[in-house]
Amino acid sequence: MENKLNFNLNDNGNELENFDGIDFGSVEAQNEAFNSASGRAAGSAYASAVGVGATVHSTAPAAAGVASENGKGGANAVADKFEALQILKSMQSGTNPDARIASRILAQKTHVLKSIEDEIDYVAGSGSSAVKFIKGEYGAGKTFHLRLAAAYAMSKNLAVSHIFLNKDMAMQKMNEVYARIVKELRSREHSSFIEMLDAWIDRTAAESKKGSLMGDYGEFIVESFRVKLRPVESASASFAMALKCYITSRLNSNYEMLTAIAGWISGESNVGLAGVKRLAGVRGAIDKTNYLEFLKGLLRLMRVMGYAGTAVMIDECEKMRYISTSKSRAAAYDTVRDFVDYVSDGTLDSTMLIFAGNEEWYEDKHCGIASYQALYDRITNRLERKFAGNFVNSRQIMLNLKNLSSGEITLLMKKICALYKTAYEYDPLPAVSGAENEIVSVYSNSSALTGGRVHPRSFVRSFVELLNYLEQNGSVATPGEIIDLFKNQIEKDDCGVDMFAEV
Numbered sequence: 144m145e146n147k148l149n150f151n152l153n154d155n156g157n158e159l160e161n162f163d164g165i166d167f168g169s170v171e172a173q174n175e176a177f178n179s180a181s182g183r184a185a186g187s188a189y190a191s192a193v194g195v196g197a198t199v200h201s202t203a204p205a206a207a208g209v210a211s212e213n214g215k216g217g218a219n220a221v222a223d224k225f226e227a228l229q230i231l232k233s234m235q236s237g238t239n240p241d242a243r244i245a246s247r248i249l250a251q252k253t254h255v256l257k258s259i260e261d262e263i264d265y266v267a268g269s270g271s272s273a274v275k276f277i278k279g280e281y282g283a284g285k286t287f288h289l290r291l292a293a294a295y296a297m298s299k300n301l302a303v304s305h306i307f308l309n310k311d312m313a314m315q316k317m318n319e320v321y322a323r324i325v326k327e328l329r330s331r332e333h334s335s336f337i338e339m340l341d342a343w344i345d346r347t348a349a350e351s352k353k354g355s356l357m358g359d360y361g362e363f364i365v366e367s368f369r370v371k372l373r374p375v376e377s378a379s380a381s382f383a384m385a386l387k388c389y390i391t392s393r394l395n396s397n398y399e400m401l402t403a404i405a406g407w408i409s410g411e412s413n414v415g416l417a418g419v420k421r422l423a424g425v426r427g428a429i430d431k432t433n434y435l436e437f438l439k440g441l442l443r444l445m446r447v448m449g450y451a452g453t454a455v456m457i458d459e460c461e462k463m464r465y466i467s468t469s470k471s472r473a474a475a476y477d478t479v480r481d482f483v484d485y486v487s488d489g490t491l492d493s494t495m496l497i498f499a500g501n502e503e504w505y506e507d508k509h510c511g512i513a514s515y516q517a518l519y520d521r522i523t524n525r526l527e528r529k530f531a532g533n534f535v536n537s538r539q540i541m542l543n544l545k546n547l548s549s550g551e552i553t554l555l556m557k558k559i560c561a562l563y564k565t566a567y568e569y570d571p572l573p574a575v576s577g578a579e580n581e582i583v584s585v586y587s588n589s590s591a592l593t594g595g596r597v598h599p600r601s602f603v604r605s606f607v608e609l610l611n612y613l614e615q616n617g618s619v620a621t622p623g624e625i626i627d628l629f630k631n632q633i634e635k636d637d638c639g640v641d642m643f644a645e646v
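Residue numbers (the numbering used here): 144 to 646.
Take the hints with a grain of salt, since some may be wrong.
[To be verified] DEER-style ranges, computed between Cβ atoms: (1) Ser467 - Arg346: 16 to 26 Å; (2) Gly550 - Ala473: 52 to 62 Å; (3) Ser367 - Ala517: 20 to 30 Å; (4) Glu624 - Leu554: 39 to 49 Å; (5) Gly268 - Tyr569: 39 to 49 Å; (6) Lys326 - Thr468: 22 to 32 Å; (7) Asn536 - Glu399: 36 to 46 Å; (8) Tyr569 - Asp488: 50 to 60 Å; (9) Ser467 - Asp261: 19 to 29 Å; (10) Arg538 - Arg369: 34 to 44 Å.
[To be verified] Computed list of lysine-lysine pairs in BS3-like fashion (alpha-carbon distance at most 30 Å, straight line): (11) Lys557 - Lys326; (12) Lys439 - Lys545; (13) Lys310 - Lys545; (14) Lys462 - Lys635; (15) Lys232 - Lys431; (16) Lys635 - Lys557; (17) Lys470 - Lys257; (18) Lys310 - Lys326; (19) Lys257 - Lys431; (20) Lys508 - Lys558; (21) Lys232 - Lys252; (22) Lys224 - Lys431; (23) Lys257 - Lys352; (24) Lys431 - Lys371; (25) Lys232 - Lys545; (26) Lys439 - Lys299; (27) Lys470 - Lys431; (28) Lys545 - Lys431; (29) Lys232 - Lys557; (30) Lys635 - Lys310; (31) Lys508 - Lys232; (32) Lys257 - Lys371; (33) Lys252 - Lys545; (34) Lys558 - Lys545; (35) Lys545 - Lys299; (36) Lys371 - Lys326; (37) Lys462 - Lys508; (38) Lys630 - Lys557; (39) Lys470 - Lys558; (40) Lys557 - Lys545.
Since the hints were made in silico from the structure, they are not lab data. Glycine included, each C-beta is placed from N, C-alpha and C at the ideal position.
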């Protein structure tokens, strides 16, 4: 017997056009086929990485993870070698390593990372929201910290979206920002928002079917989704309506409708199928007038799907300074101010918001946050302003990334030397240890002479280049020669430090 029915997910009793017959009898078979076709295994692979964004030599971590677990025939040593090589290559290119292994090169947990982790714990435990701003120059480690924070957030069962702004997509175009947030959404198990949504739909349908005591289990599935979507509907009726259509399309294997509605939910601007919108019961597109409603619906949905919350990390915020007109730039800062207020007044549920930008973004009185007093007053600390930044308060909204201390530099050098030994079977520590204090002095002096421009990335890249030279040119051995090599390298690297964007 074919188990089909018309069902209604609307509490007010009105029949919805988009729910016009679901073949519940084939749900499990459809799920199995769809999961195989959609590459759900990618989510499992992603979970082992617990990272966000691109990875240098991305095949190495997967191989490392497998080898370490098997532990057969020296596989651990091979895995360690690949992982060490990946880290060193990331250092040399000035990019950030995968978050899963980034902690191996962290000298020690900074007050910035501790503060963000505390806020993530607060969001995950209370269901409330929090906001932080990270300030630091290029190479200071903003993106590095965000990736570590993303890994920590995922470990606390938060979904994470880490996006990068550019001058053409800044906060004045919230429809584009919303679309990018959805596109970059990840979790421990899944590598995309749609993958997360599909898994939840499949799980809910299967659980509802098992919970039925009678053969006609369609009504149980209907009721499960209807009840679960009530919180989403209270945040955004249009978003909930589109979700209902998506659920129907997935369970009915209507992939044309599924793709179109997925695009509309995700904020894609090219979804122009009038018939699809009519069937879904939605109209128009996401724009600056309704983005908040859809964002609230999205964040509420993440809780409904079982996540403790959502962490949204907005990187390279300094790009707002380059918005072409003062009116558009003011609109962007007004949006950022709104987000700070939305966190304070509870408009956003279970959300960790983090903005990261360089010092000019904060302090530029013509094009930066300092040009928009309403936002500047909300995020800066008067005591910190008075003492010119020589004041640490990890509970304030804005967090400063400082240069590494002498002790941190020493510890970092030893960690890099250990990685180098694993990667290349060459131990540089004996040669470097005789010049250790002088290397720290070169870094500190260079940083002082350039107004703090020599940041951790510049030091790390220069130090790895020094080790490369030592490993391949054994005749260079005296501390004096080592110091000269390092000094030349860090001066050369410093000349181009502003050319490197956060990646």
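We went through each hint and held it up to the structure:
{"no.": "1", "hint": "Ser467 - Arg346: 16 to 26 Å", "in the structure": "47 Å, violated"}
{"no.": "2", "hint": "Gly550 - Ala473: 52 to 62 Å", "in the structure": "44 Å, violated"}
{"no.": "3", "hint": "Ser367 - Ala517: 20 to 30 Å", "in the structure": "45 Å, violated"}
{"no.": "4", "hint": "Glu624 - Leu554: 39 to 49 Å", "in the structure": "24 Å, violated"}
{"no.": "5", "hint": "Gly268 - Tyr569: 39 to 49 Å", "in the structure": "47 Å, holds"}
{"no.": "6", "hint": "Lys326 - Thr468: 22 to 32 Å", "in the structure": "27 Å, holds"}
{"no.": "7", "hint": "Asn536 - Glu399: 36 to 46 Å", "in the structure": "54 Å, violated"}
{"no.": "8", "hint": "Tyr569 - Asp488: 50 to 60 Å", "in the structure": "58 Å, holds"}
{"no.": "9", "hint": "Ser467 - Asp261: 19 to 29 Å", "in the structure": "38 Å, violated"}
{"no.": "10", "hint": "Arg538 - Arg369: 34 to 44 Å", "in the structure": "42 Å, holds"}
{"no.": "11", "hint": "Lys557 - Lys326", "in the structure": "39 Å, violated"}
{"no.": "12", "hint": "Lys439 - Lys545", "in the structure": "35 Å, violated"}
{"no.": "13", "hint": "Lys310 - Lys545", "in the structure": "26 Å, holds"}
{"no.": "14", "hint": "Lys462 - Lys635", "in the structure": "26 Å, holds"}
{"no.": "15", "hint": "Lys232 - Lys431", "in the structure": "41 Å, violated"}
{"no.": "16", "hint": "Lys635 - Lys557", "in the structure": "23 Å, holds"}
{"no.": "17", "hint": "Lys470 - Lys257", "in the structure": "37 Å, violated"}
{"no.": "18", "hint": "Lys310 - Lys326", "in the structure": "19 Å, holds"}
{"no.": "19", "hint": "Lys257 - Lys431", "in the structure": "34 Å, violated"}
{"no.": "20", "hint": "Lys508 - Lys558", "in the structure": "40 Å, violated"}
{"no.": "21", "hint": "Lys232 - Lys252", "in the structure": "23 Å, holds"}
{"no.": "22", "hint": "Lys224 - Lys431", "in the structure": "49 Å, violated"}
{"no.": "23", "hint": "Lys257 - Lys352", "in the structure": "44 Å, violated"}
{"no.": "24", "hint": "Lys431 - Lys371", "in the structure": "28 Å, holds"}
{"no.": "25", "hint": "Lys232 - Lys545", "in the structure": "24 Å, holds"}
{"no.": "26", "hint": "Lys439 - Lys299", "in the structure": "21 Å, holds"}
{"no.": "27", "hint": "Lys470 - Lys431", "in the structure": "15 Å, holds"}
{"no.": "28", "hint": "Lys545 - Lys431", "in the structure": "36 Å, violated"}
{"no.": "29", "hint": "Lys232 - Lys557", "in the structure": "17 Å, holds"}
{"no.": "30", "hint": "Lys635 - Lys310", "in the structure": "29 Å, holds"}
{"no.": "31", "hint": "Lys508 - Lys232", "in the structure": "38 Å, violated"}
{"no.": "32", "hint": "Lys257 - Lys371", "in the structure": "35 Å, violated"}
{"no.": "33", "hint": "Lys252 - Lys545", "in the structure": "13 Å, holds"}
{"no.": "34", "hint": "Lys558 - Lys545", "in the structure": "20 Å, holds"}
{"no.": "35", "hint": "Lys545 - Lys299", "in the structure": "27 Å, holds"}
{"no.": "36", "hint": "Lys371 - Lys326", "in the structure": "24 Å, holds"}
{"no.": "37", "hint": "Lys462 - Lys508", "in the structure": "15 Å, holds"}
{"no.": "38", "hint": "Lys630 - Lys557", "in the structure": "18 Å, holds"}
{"no.": "39", "hint": "Lys470 - Lys558", "in the structure": "48 Å, violated"}
{"no.": "40", "hint": "Lys557 - Lys545", "in the structure": "20 Å, holds"}
Hints 1, 2, 3, 4, 7, 9, 11, 12, 15, 17, 19, 20, 22, 23, 28, 31, 32, 39 from the list above are not met by this structure, while the remaining hints are.
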